[in-house]
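So the sequence lines, in the order shown, correspond to chains D, G and P. Under our numbering, the residues of the first sequence are numbered 575 to 857, in order. Under our numbering, the residues of the second sequence are numbered 102 to 426, in order. Under our numbering, the residues of the third sequence are numbered 55 to 326, in order.
Don't read these hints as lab results, they were simulated from the structure. All values reported here derive from a predicted model rather than from experimental measurement. Even glycine gets a Cβ: it sits at the ideal position worked out from N, Cα and C. Treat each hint with caution, since some may be false.
Reference listing, derived: stretches of chain P covered by chain D, where coverage requires no fewer than 3 residues with Cβ under 8 Å from a Cβ of chain D [to be verified]: (1) 221-232; (2) 300-308.
Here are the simulated EDC-like pairs of lysine to aspartate or glutamate, each with C-alpha atoms no more than 16 Å apart in a straight line [unchecked claim]: (3) G:K132 / P:E141; (4) D:K699 / D:E798; (5) D:K699 / P:E216; (6) P:K157 / G:E214; (7) D:K744 / D:D722.
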Amino acid sequence: MSNDYTSSEAHPIQVSNETALPYELTDVVPPSETNFIKVNDFRFFYGKKEVLHGVNLEIPSRRVTSFIGPSGCGKSTLLRNFNRMNELIPGVRHEGDITIHGTSIFDPSVEVIALRRRIGMVFQKSNPFPMSIYGNIVYPLRIAGQGDRSMLDETVERCLRSAALWDEVKDRLHESALGLSGGQMQRLCIARAIASRPEILLMDEPCSALDPIATAKVEELIIELKRNFTIIIVTHNMHQASRVSELTAFFYLGNLVEFDETRKIFTNPSKLQTEEYITGRFG
Amino acid sequence: MRTRIGGVPILNTGTLSPLTPEYRRNPDFFKGACQLACILTILLLAFIFGEILLKAWPAIHQFGFGFITGTQWSPNRGVFGVLPVLIGTVESSFLALLVALPLGLSIALFISEDFLPNSLRQFIRFVVELLAAIPSVVYGLWGVFVVIPLVQKYGTILSDHFGFLPLFAGPAYGNSLLTASLVLALMVLPTITAISRSSLVVVPYSLREGSYALGATRWETILGVILPTASPGIVASAILAFGRAMGETMAVAMLIGNSQRLSWSLLSPSNTLSALLANQFSEADGIQISALMYAAALLVALTLVVNIAGEMVLRQTQRATSVLR
Amino acid sequence: MLRNRFLTGLCIALSLLTLFPLISIVILVIRNGLPLISMNLFTQLSPAPGLEGGGFGNAIMGTLVMVCISLLLAVPLGILSAVYINEYAPVSPVSSAVRFVAKLLTGIPSIICGVFAFAAVVMTSQHFSAIAGGVALAILILPIILLTSEQALMGVSVSYREASYGVGATPFQTIWRIVLPDAMPAIMTGIMLAVSRAAGETAPVLFTALFSQNWITSVFEPTASLSVLIYNFASLPYAYHIKLAWSASLVLVTLVTLTNILSQMIFSPKQR
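So here's chain D without its partners, still in its complex pose:
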């Protein structure tokens, strides 16, 4: 695999008010920054209980990285720290740092609201708002003050196309989102998550509540989206991890055990624990 981890294209350029375009498929793998997201000696506590023990990780941009591991190993907890969603829970505490593009996300000058707008999140159980499909997708734009109707319309089409949902719902954009099927709702949530053009997409077991066909559709989506987003996906399903991700991190009991190319993790892992998990001896 020709991985181009060099950051030869240096600093990405800020583009605003760009017209919505469906993504074009090319054979060229976009370049990636190696340490786009860096986790430094990160420890996390729920009250007195330490649930993440000194995690060190470097996640490159524009790739799909998956977090795998048995239940309770801390993978979702780590994921939810990237956009500081854990702060909504009282009594949590952390030590160590997480930086994105060199800037610590816990820096006092970083506004957590701005951070969350630059990062999209898809939850395990789809959670559309009790509004129309249109309203769901433009919500992130409206809260950022974007009110221009044509901009909103374009965004809705762009996102729904990217989420492979456009053809199914284009005639009922103003009907309630709660009337969709489970798989459609989750794809709607993905569309909503990319509406404000975040750089990073966090997915917390997005397919665990979906049937196999819907799951396959979402996985196709992830593979296409990665050209433009940095995606981190938490999954229980090892086959899914091997299908969609280039890099895999294996967690166990709050520790990062192994982090390597997906292919290597699943065929020739370095750590015994990894091998035991992969082959199903525990977890």
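Model the placement of chains G and P on the given structure of chain D, informed by the hints.
What follows is chains G and P alone, placed relative to chain D:
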């Protein structure tokens, strides 16, 4: 401006700089308004107590404890004593409870056990809720035209035969302690039913099963296992109903006869704190207002103590039954 | 076996015993109140003692005005407090204090609301007024609105809040755009219940707004109310006035019944 890298359109990939100009958080005015609302609510309670005490102070200062033990209430002579009224308050509430408890408990049992199909049980629950919602003054109106004649008729019979007992001494007025207590019973019955019912339904099914398995009949189970388990909750409902009865005003004012005389008989007129306030405030003047405020303060204290006691018992029972589950 | 039958019978008998008074009330209210019901009742002034004819239009107006005043005071206070204790700081000393205060306020006898309004408004302004009545009613309904609003907010699914914060909304935006709209039906139900309660109360307005034979012209003047009308007319020796009292009772009981039914319909489906 570069718009594509490697053939792929670039998105908003600006650096995650802390000085991103796109967002500056405004102060949350709405939160401030909500905080203000909370503070005002808390202050309101303090204000209520404070204002009443303040206006009552002249009377407290002038009459002191004698206010509570005094038996004469004569605004014209400047003599104020609320003992008969206090006794009337406690008596009427107690009598109301005496009638309401068995009735309310029966209904609670009826709708928590499966004597009847569920739809009928829901209907009875709705009916009891409706009882609770009828305004006090409508109870009073009904009481004037239905209960007073009834009490007068049967009260006369009662005093004729049992009049030697001070409790039933005649003459049997229509407006009397008994009338007011009966209607009060009706008004606090929903409280007893609602709280008793919720105490009965949380008795774990395993206890019921265990009793039946030992060969007990339904009623043996109810009387031997379920009622005792739920009894703290039932006690709480009784305490809270007592508190509600003490605070009830309009129906009582219309039915109790508003007499300041102390009497043993159930069939003579009486008075309660709330009825006293209702009748006298609009025309009170000078020290009388202060005396009435004193009486109001007493009423607040009484109902507060009873309500807090009831709540504490209720919370205790909730904690106790959760252990069983 | 016989004991069982007896006890069951006793239980049924006692339960039916309580049914009789309720049926009696409903029958009497309808039977005595219905004959006079007509549009006139709602448009005419209440008659002076001894005179026939007339309705209780001014009483209805007065009740409406005072209930509106009480809503104006209690609704913002109640809803904003509920928002704070459920959304902004659910676990905090202020929230615990507010919940405790609300519980205490529910236990205050309605006449004490009147006594307080008398002390704070009537004595200060040397005037009986509709505003004083409105203030007394506001204190009465504040805990109802606060507690039902809190329930309504708790009923909003947690996933909506998570999704909203996840896309970077501020707490205010989340509350204003997602939580409150979703909780609105239940909050409205709570307000409806509060209104029907306030309309039926007599003690708080008895010596604050007093009574009046005329249409309400100013909120700084005493005003008639439906409940005080019933109280006053019930003790008059004139048949017409007593009939009016029954008709007014019919109006109140109808209002209360409808509100209860409506609130069951709106609230219960949400709980599921």
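Okay, the hints, checked on the actual structure:
1. 221-232: holds (count 7)
2. 300-308: violated (count 0)
3. G:K132 / P:E141: holds (10 Å)
4. D:K699 / D:E798: Given that 16 Å is the threshold and the Cα spacing comes to 22 Å, the pair is violated.
5. D:K699 / P:E216: holds (11 Å)
6. P:K157 / G:E214: Not OK: K157 of chain P and E214 of chain G at ~30 Å, beyond 16 Å, violated.
7. D:K744 / D:D722: Violated. K744 of chain D to D722 of chain D sits at ~20 Å, over the 16 Å cutoff.
Of the numbered hints stated above, those contradicted by the structure are hints 2, 4, 6, 7, listed in ascending order.
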